[in-house]
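Given next are the chains, with one letter for each unit.
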Amino acid sequence: MGDDYNKLVGELLSRRKRNLAMGGEEKVARQHQRGKLTVRERIDLLFDPGTFVELGLLANQQPATSPLAGEVGPASSPARPEGTEPTPADGVVTGHGDIDGRQVWVIAYDFTVMAGSMGAVGEQFKAARVRDLALRYRKPIVWLLDSAGARIQEAAGSKFAGTGWLFADQVVMSGVIPQVAAMLGPCAAGTAYIPGLADFVPMVKGTSSMSLGGARLVKAATGEDVTDHDMGGSQVHCYESGVGDNEVEDDKECLATVRRFLSYLPSSNTEAPPLVETDDPPERLVAGLDKIVPVSPRSVYDVRKVIKAIFDHESWFEVKPSWAKNIVIGFARAAGHSVGVVANQPLQKGGVLDSDAADKAARFIRMCDAFNIALVYLMDVPGFMVGSQVEKEGIIRHGAKMLYATSEATVPKVTVIMRKAYGAGYYVMCGKGYEPDTIVAWPFAEISVMGPEGAVNIIFNKQVEASDNPEATRAQLIETIRAQINPYLAAGWAMIDDVIDPAETRRVIVKGIEQARDKKIDRPWRKHGNIPV
Amino acid sequence: MTEVKAELVGSVWKVKTQPGAQVAEEDELLVLESMKMEIPVTSPRAGTVKEVRVKEGEVVKEGQVLVVLE
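In order, the protein sequences belong to chains A and B.
Per this note's numbering, the very first residue in the first sequence carries number 1; after that it's consecutive.
Per this note's numbering, the very first residue in the second sequence carries number 1; after that it's consecutive.
Some hints could be false.
With a Cα cut of at most 30 angstroms, we get these calculated DSSO-like pairs of lysine-lysine [unchecked claim]:
(1) B:K36 - A:K305
(2) B:K36 - A:K462
(3) B:K50 - A:K392
(4) B:K36 - A:K432
To be clear, the hints were calculated from the coordinates, so they are not data collected in a lab.
None of the values given here were measured: they were computed from a predicted structure.
Using the sequences provided together with the hints, build the complete structure.
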């Protein structure tokens, strides 16, 4: 009896061992040669040591019909083609582990098993179960993507009709639990909608790519000759398209970046973000701003230096740093509170807002609002870009997204007008009309519908034309209007709460967030709004 | 050869380099004026300026080549 017992347990152990070996030594070596880690090495780096619990290790692709009954599985599990190898874990490692002591779920594709292709067992049972459980427990979900896409051997033909609900699941999860799509290899075809719908998408330089059609499909469909990397690598998505968030050097940095991102977020929309202890005093006066920010509103500077000076030491984590650089977004901490920072960047395009900048900010603002993260707006904006080029792009509807997002957000909002606050730029950067809990200005702030030069051209055009000395008249009128642009006029009307010494900015932000801790805003019932897209 | 292009529509405020000049990455090549801002255009890499294709006061379009490096 003991012999049978030990034999049966022994079989279990050998089955485990076989599947833990992934696609075998040769495939693992090739994975390493490509500069990539294996799926199990990645999981070790993603989670706190020893916390990973795997579900579905013993999975393998299955024959279409069971020996006893008819079809197996909801959309029918197709046959393993004659002569093919087993697929350890069916090419996707799933389960949960802890990140900084908090539970997180993972769906991690194994490129060493049939190129990480998504098979019926792996997708319809394993990945679907993780999505179900992550949502049931209200815990974040992380995809580690390194997959050739759908396993065509299984999915070709009109059985396709039964697929696709994974994206509908993602939409249901959106704004409920954080979703991260870490790009560690290819991610072709419809699968690219996983990152398309995720809240955060880091991409490894060189090895990762995503595109709606892979290179071979593109060649067949349009005749275009292009590689997966040239079409959808990080150099495209983190710099040009904005689909990727942060480009990282390798797998290790990618997984560290996922951990860092999640450290600012709550496990779900029903919780507050973690409060982190800091030795950086909340009342600390911000030193050195006079050396960073020129008083002349026409001169540029790097706003990221301002952010680093204000918030808790080492807490700044920039998101989408290489796309739409004229606006800076990211997470920081103020006296340990997680905050989402939205800052104009004068160094890039003078900090003017354009279509991409508005899209970038709008999506970030909505993520922060969904996950109860306070927003801090650092304003120095010459307005939205104007002209025929941007009208063709539809800057009105793009700009409207940012206006919508800022207006809709009910988390604590603190607005600091550093220098320029012109036109609709003032609105979307959370001007007075957008319910900031605290709104203050620095002494050289310029709040105005437009600059004095533009105003004179519009308001006093006739006077200037009629003048004997048009240039002198224009200059005089510009000075008249400029005198009306100063923060004390806005403060005198109590339209802003205060004018502050820039050095006081940190204290004011911390107080502003803490003041609004119990904020509650009730809007009229609706199914959902209709955000411009 | 690298073409340095205008990131946005505006006018050329100051030209700060000339053909033959050696530049380092991040060196200021010229300054555009747009949307009330003086917007520096910096060198994307180290190299030698081959051509400066614009003059001070000239209005430039987004994507227009301003300077060519070699």
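B:K36 paired with A:K305 [C-alpha distance capped at 30 angstroms]: Between B:K36 and A:K305 the Cα gap is close to 22 angstroms, so the pair holds against 30 angstroms.
30 angstroms limit on alpha-carbon distance, applied to hinted pair B:K36 and A:K432: Satisfied, since the Cα-Cα distance of roughly 23 angstroms is no more than 30 angstroms.
Pairwise hint evaluation, A:K392 against B:K50, where the allowed Cα distance is 30 angstroms at most: 34 angstroms, violated
Given pair status - A:K462, B:K36, alpha carbons within 30 angstroms: Answer holds: B:K36 to A:K462 is near 23 angstroms, not above 30 angstroms.
When held up to the earlier numbered hints, the structure conflicts with hint 3 and nothing else.
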